[in-house]
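Asks: Sequence:
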Amino acid sequence: MGTTNQTLPFFTQFLRFKAQYDDLPTLTFFVVVNSIAAAYLVLSIPLSIVHIIRSRAKYSRLVLVFFDAAMLALVTAAASAAAAIVYLAHKGNARANWFAICQQFDAFCERISGSLIGSFAAMAVLVLLVLLSAAALARR
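Residue 27 in full-length UniProt numbering sits at position 27 of the sequence shown; the count goes up by one each step and never skips.
These aren't lab readings, by the way, just hints derived from the structure by calculation. Some hints could be false.
To be verified - Each pair of labels, with its calculated beta carbon distance range: (1) Ile117 - Ala96: 39 to 49 angstroms; (2) Tyr59 - Asp106: 14 to 24 angstroms; (3) Ala96 - Phe67: 35 to 45 angstroms; (4) Arg54 - Phe99: 55 to 65 angstroms; (5) Ile49 - Gln103: 34 to 44 angstroms; (6) Asp106 - Arg54: 44 to 54 angstroms.
Using N, Cα and C, we set each Cβ at its ideal position, and we do this for glycine too.
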């Protein structure tokens with residue numbers, strides 16, 4: 001999503017229309033939240049390895065479950081907000097006089113749709129992570 005842009009010429013080659021993800025604050029929020037979630041997951045790997053080796057650390061496991069749930073909530077909020085924008089980009093809204101831009105910016109729309117699908121897949125993985133972490137904590 002962070003590298004998504006497309007430029008289309010308008011009457012001449014000097015006048016162009018450009019679509020970028022940072023033109024819409026919702027898509028910027030989407031990129032920032034997914035970056036935070038990815039950084040958190042990378043940083044939590046060493047702590048998770050410690051929990052595999054030392055199974056008696058219950059309080060830090062509880063902290064991990066809490067932060068995993070917080071990351072799930074953030075990714076869900078960002079993906080849901082971006083889904084609304086992607087829907088408007090594809091369909092538009094005649095009542096609000098918003099035009100569907102995906103008829104012109106097809107490569108841009110394909111990339112933001114693909115990013116959104118990846119984010120919803122990440123949400124499913126985070127749900128599994130939270131459920132497995134909570135089950136492991138309840139088992140001990």
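Asks: Look at each hint and say if it fits the structure.
Replies: Here is how each hint holds up against the structure:
1. Ile117 - Ala96: 39 to 49 angstroms: With a Cβ separation near 26 angstroms, Ile117 and Ala96 fall outside 39 to 49 angstroms, so the hint is violated.
2. Tyr59 - Asp106: 14 to 24 angstroms: Taking Cβ atoms as reference, Tyr59 and Asp106 lie about 51 angstroms apart, which means the hint is violated.
3. Ala96 - Phe67: 35 to 45 angstroms: 38 angstroms, holds
4. Arg54 - Phe99: 55 to 65 angstroms: Taking Cβ atoms as reference, Arg54 and Phe99 lie about 58 angstroms apart, which means the hint holds.
5. Ile49 - Gln103: 34 to 44 angstroms: 49 angstroms, violated
6. Asp106 - Arg54: 44 to 54 angstroms: Given a distance of about 52 angstroms, which is inside 44 to 54 angstroms, the answer is holds.
Consistency note: the structure conflicts with the earlier hints numbered 1, 2 and 5.
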